[in-house]
Structures are given as structure tokens and as C-alpha cells.
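Novice: Residue numbers (the UniProt record's numbering): 1 to 193.
One thing to keep in mind: the hints can contain errors.
In silico DSSO-like links for lysine-lysine, alpha-carbon gap of 27 Å or less [to be verified]: (1) Lys137 <-> Lys184; (2) Lys184 <-> Lys135; (3) Lys137 <-> Lys180; (4) Lys135 <-> Lys180.
Have a look at the derived ranges for each label pair, beta carbon to beta carbon [said to hold, decoys possible]: (5) Thr79 <-> Asp136: 31 to 37 Å; (6) Met173 <-> Gln56: 27 to 33 Å; (7) Leu85 <-> Met173: 30 to 36 Å; (8) Pro142 <-> Asn73: 52 to 58 Å; (9) Glu161 <-> Glu52: 44 to 50 Å; (10) Ala86 <-> Glu161: 43 to 49 Å.
It should be emphasised that the hints constitute simulated quantities derived from the structure, not laboratory data.
C-beta atoms are modelled at their ideal positions from N, C-alpha and C, and glycine is treated no differently.
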Amino acid sequence: MSDDQVSLPYFLAILVIVGCIVRYLFFNGGSPTPPSSRSPEAIMRARELAVERIQQMFPQAERRSILWDLQRNGGNIQTTTERILAGRLETPPITFQPPPPPNQRTTPGSTSASTATRQPEKPAQPDLITRYNLKDKLNEAPPSAEEQDRKGKGWSSNREERQMSLQQRREQMILAARRKMEAKLAAERAAES
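Using the sequences provided together with the hints, build the complete structure.
Specialist: Put into C-alpha cells, the structure is as follows:
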């Protein structure tokens with residue numbers, strides 16, 4: 001009968017092992033440090049990175065509105081993105097004044113409200129004449145209707161010919177739009193004088 005009994009040390013060892021397994025499986029937190037223990041600088045950095053990511057996807061959205069929504073939903077980028085896509089991004093109240101972006105310095109005479117509502121500047125895109133290298137064709141005379149009919153008759157089965165035809169059409173449209181704009185500006189200047 002003495003072989004059927006479990007000694008006290010074995011029983012305690014089994015309890016400790018089972019307790020560790022239960023604690024590991026059920027009470028292990030997702031993050032080692034709770035978000036409330038993070039420093040304010042780390043929270044602001046994370047929020048600024050989230051705003052940057054969202055503004056890369058939606059450049060038309062205001063930084064201030066994005067910050068307001070992120071603050072309301074606990075920094076959840078997915079929720080803010082879904083609200084922007086659904087058109088439900090709310091305008092923050094006037095009392096909400098976020099700090100300026102870290103890469104933007106404020107001058108002593110500027111107000112924080114004017115810098116907070118300013119959208120980020122987009123890099124200047126070259127005009128279509130520069131982009132498609134059409135400066136030399138700008139001074140040429142526009143093709144006549146007969147020339148356009150001869151060149152643009154039908155759709156070729158050859159891929160290169162189709163590509164060339166589409167490029168020529170694009171160039172003609174860009175040049176025609178440029179000529180119309182120049183004529184319009186010249187007419188406006190003549191009307192002013």
C-alpha cells in the first residue's frame with residue numbers, strides 16, 4: 001500500500017509545474033510593458049509615425065484631423081484609415097491644438113494654429129512638356145487634319161506600332177493643350193491692355 005501514495009515533495013513539484021503552465025497559457029500579457037508606462041516622447045513619436053503613414057496614403061487628409069482621430073481611437077491606424085475611406089473623418093474641435101510636426105520649426109511671429117492646419121507641401125512635378133521631353137516639338141507647326149487621318153487610321157496588330165501611335169497621340173494632345181493655354185493667356189493679356 002505504501003507504493004500507491006504520492007510523497008509530499010512530488011505533489012508540490014507537480015503543483016508548481018501545473019501552476020507555471022497555467023500562468024504561461026492564460027495570464028501571459030501581449031506586451032511586456034503596458035502602454036501607460038511608456039514615456040510621453042515615445043507616445044508622441046509613435047503617433048507622428050502613424051500620422052506620416054496615413055498622410056502617405058491620403059495626402060488630402062489634414063494632419064490635425066488625423067491626430068484627432070488617432071487620439072480618439074487610441075492610436076489605431078486601421079480605424080482611422082477606414083474612417084477616411086468611408087468619408088467619416090471628423091473635423092476636430094477648435095480647442096484641439098496638436099503640437100507642430102517635429103521636422104517643422106515655428107518662428108516667434110507664427111501661430112501654432114496656422115502651422116497645424118497647413119498641409120504638407122508636395123514636391124513640384126515638372127510640367128508635361130519637360131516630363132515627356134517635348135520642348136523641340138513645341139515650336140513645330142501642329143499637324144494638319146489630313147496628316148492626322150493618315151497616321152491614325154486603324155489599330156495595328158503590332159505592339160510597337162500601337163505603342164508609337166499612342167505616344168504620338170499623347171504628344172499631340174499635350175502640345176494642343178499647351179497651344180490652347182498660350183492662346184488663352186495671350187487673349188487675356190490683350191483684354192487687360
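Novice: Does the hinted range 31 to 37 Å hold for Thr79 and Asp136 at CB?
Specialist: violated, 52 Å
Novice: What's the verdict on Lys137 and Lys184, does the C-alpha distance respect the 27 Å limit or exceed it?
Specialist: Holds, because 20 Å separates the two Cα atoms, which is no more than 27 Å.
Novice: Quick check on a hinted range of 52 to 58 Å for Pro142 and Asn73, using CB atoms only.
Specialist: holds, 56 Å
Novice: Are Lys135 and Lys180 close enough, with their CA atoms no more than 27 Å apart?
Specialist: holds, 16 Å
Novice: Does the Cβ pair Glu161, Glu52 satisfy 44 to 50 Å?
Specialist: Distance hint for Glu161, Glu52 holds at roughly 45 Å.
Novice: Lys184 and Lys135: Cα distance at most 27 Å?
Specialist: holds, 20 Å
Novice: Is 30 to 36 Å respected by the C-beta to C-beta distance linking Leu85 and Met173?
Specialist: holds, 32 Å
Novice: Straight-line Cα separation of Lys137 and Lys180 no greater than 27 Å?
Specialist: holds, 15 Å
Novice: Honestly, do Ala86 and Glu161 meet the 43 to 49 Å range at C-beta?
Specialist: Holds - the Cβ-Cβ distance for Ala86 and Glu161, about 45 Å, lies within 43 to 49 Å.
Novice: Lying within 27 to 33 Å: is that true of the beta-carbon distance Met173 to Gln56?
Specialist: holds, 31 Å
Violated hints amount to a single one, hint 5; each of the other numbered hints is respected by the structure.
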